[in-house]
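Chemist: The listed protein sequences derive, respectively, from chains A and B. Residues 1 to 167 in this note's numbering are what the first sequence lists, from first letter to last. Residues 1 to 424 in this note's numbering are what the second sequence lists, from first letter to last.
Bear in mind the hints are in silico, worked out from the structure with no lab data behind them. Every residue gets a Cβ at the ideal spot worked out from N, C-alpha and C, and that includes glycine. There could be a bad hint or two in this list.
[To be verified] Computed, partial: chain B to chain A, Cβ under 8 Å:
id : residue
1  : PHE126
2  : LYS131
3  : SER240
4  : THR388
5  : GLU413
6  : GLU416
[Said to hold, decoys possible] Quick list of in silico lysine-lysine cross-link-like pairs, DSS-like style, CA-CA up to 25 Å:
id : chain 1 : residue 1 : chain 2 : residue 2
7  : B       : LYS169    : B       : LYS119
8  : A       : LYS160    : B       : LYS189
9  : A       : LYS48     : B       : LYS189
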Amino acid sequence: MINIKNVPNKNFFSTFVFLILLSSCSSMNVTEESVYDGGIQTVEASVKDNISVNYETKAILANATVYFEFDSFKLSSKSIQTLRSAVTAMKENSSIKITISGHADERGTREYNLALGQRRAESVRDYLAVNGVNKSRVLVKSYGEERLIAEGSDESSHSKNRRAEIN
Amino acid sequence: MKIFLSLLFFSQLIFSELVLEITKGSEDPYSIALIEFSGSKKITNEINSIINADLIRTGEFKIFRESQLLSTPTNEEDIKFEDFKLLGIDFIITGSLINEDKFNVSASYQVFNVQKETKIRTSKVFGIPNKLRQLAHYISDGIYEEISGLKGVASTKLLYVTENINDDKTIFKLVVADADGSNEQTLLKSSEPIISPSWSPDSKQVAYVSFETGIAKVFIQKIATGKREMVLENSSQISSPSWSPNGKFLSLTLYQDGNAEIYILNLKNQNLTRLTNHYAIDTESSWSPNGSKIMFTSGRSGSPQLYEINLRKFSSKPKRITFDGNYNAKGSYLSSGEGIVFVHRAEKNFQIALKYTNESFIRPLTNSKLDESPSISPNGNVIIYAVTEDGMSMLSGVTLSGAKFRLPARTGEVREPSWSGFLR
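Just chain B, same shape as in the assembly:
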């Protein structure tokens, strides 16, 4: 059954619409009562709606707002657990602003287990007035963490590329935004294409491909200072950067051999190690969570398929890991190491698919015509990807339990999302 939920939330100066399309949430969602935070309405209204949207987006909660509840206690003593048991609610969330002046906005919140009739968490978050959204995301993550046992990703960031046409000129931008798509900030602006952005493991730097010199070249840029440098200055095309989990190496696709081959660059001493050697295309490398393997796309079988190289074994041969269909590309590993997510061609459509290592079949996660660029959240539970429909591209997300959401629609094209690590 399809449930369409849409909600409007107020975001600083602009209204942006977040459409949440939950096609199949978790089969057994947690029912939670979200009591409005107390404190000045101007601030709590925004906090309440951001927390609500953050929790819906996880796909793991059935949320009861005040109008659906039998009682709405604002402090612990007033809670009548019976009122919540009757509605089948598992957890109650209460909260309030505790401090608010020119420099500080702080909030506290509590999580109660209805069955056990006990408080299971009490937390304080200290923030600053112009970072109200972040304060709310921190609260959402604390709630999610307490109930699901997984770290939340509401306080993480997304990196992506936008393309807009202004006065007949095409402008490409590399943009950072909150995980809900708000709070967009531009890292790089260029009149030439930007592709393949990715975060360093500490989320302080990004690597990407820019065509500003006339051909594809890889750059590394520090987020806070904007300081950027070209990786490997030579005359040939370089592309597809991917950071090793320890941040010391960057795998790259080099074209200096006259064909796309994967190399590993030691960022400290600039040493290059060649990883692949084949006349077919080898590109789109990505590292396993413990850094012991590299997965890549290769055309060596006659069509793009995913292969894996074990870095710990001397001269290990690439092992093919996808066999379904004639197009499986741009793979990335789940952070649990239990499987991979990639782009799969099914009939005429390109979809995001999941394959667990211990299963012989693949699981399609999306079903539109042209879905690309999957990137996995740091908690391993959500995949953000680009959807192209009617010539427009935008970002969508899908959780491993199947809940889907879409980030706010915007003008122009949005593509190639990359999810940061944990920032909280």
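So that you can see chain A by itself, here it is in the shape it has in the complex:
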């Protein structure tokens, strides 16, 4: 006999499940079970950007955005043109620290795009490093496809989203 009279009608798991499988005759299933459904606790993330760099107002001098082809993290010649001025700004203002964030377009899987965004940001950091900007002045991170700047699903939107931003 199953007595569930005292099951509290509250928001937590009634943690018991009865599943009694009796075969009263060879061809019939007889079952009894109690509904199990869990309570859920909601939490809120306290968002703090605790690992971003301390910005110098001059850091704006190094601000730049470069763009990439689909599934690629290779710098184009146009991107290199853009990065040259960032290198100059970094060299002229030795106190500047920067964050490079890599991004992808909405196509493809989210985790692969997160990794791709990281590679794009690293391509930029590596270019800066080769040109004399110490890696310790650069924080690299990826947002994958989580921060699109163009919402459309056409190639012109996609190409704006496949980017690395220095700021």
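Put chain B on the given structure of chain A with help from the hints.
Modeler: Just chain B now, kept in the frame of chain A:
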């Protein structure tokens, strides 16, 4: 032939619309007569419509409701099997509320085999008044199980991420809902993105990636208490968590080597074992059902493809397992171990595809422009995934026999579904 079925069902306080688009159900569906449950209409109306929707969603039934039947017996003695044989019906379902007071709502149901003219199942489900939907899902699962031989998934849960804009602020939520998309409850609310949610094998905890600290970090959260902790506190990005089938390990993508590499974390002693070592991207790991293999996405061939590592062999080399096209990613194993489901790029479209291990070709399961994040039901028969259309994303399901359904439309974006284990 396309059959569009839509039905409205009443859900506690709100009306939600479930659109079922059965493009190709099972080739040989079971014909069943679903006799309305007897008892107070206020309760049975809801139970009847939930059971009907649950069974339609499996794609394996042709359901006859009362208006299509020659007779509608409410108890065993009244059944005239001839009336059902004439309509080609295989099974009859009857049921009734057996107890209903302030604390209890219980129901019993029976399944009859028409050809054999016998009762093949009689069951009781004990529930509580504010969990009426669960009671109905239990009944649906019992019916499905009795007829198909597979465990039902109506009583399981989905985990997914929503994104909404309120007063110019973007709010991301990690949400748990019933397998039919109703009964949504929020696990985590954040102003920063949340991605890659997944269930622990016992379905009591979830792992996910949150950007709340400024970069991608993996967290584990207990569902019942909301207690959460960051996995591996270091300064680099961590992502793509996947639980081993025994719940003891978490595979992760770590960026500490300057590139995405897959590691296995022992959750008990925090030991890390590196699994991949390549200058290309390696990510999106997932475990085979018996825990002996890990599949992952790698860019080592020049485009994303799926690879597999045998964990039981010493220093085993990753073996490439997809060769069709230039984009195959985010794979997961069928619970039978007979194949894999993954995201495949066909021409310009991203689709969900299935490949059986003993076949050399892949089978596309979906055909819209941008389908992502497939997750397989615990009985291995249904795949839930995210569809993006006109900038909106929502959840859809497809069964291995090809039946498709869509979860209720809602405002904002819904993505990255992950199917729980069995809870019943």
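Chemist: Output the numbers, in ascending order, of every earlier hint that fails for this structure.
Modeler: 5, 7, 8
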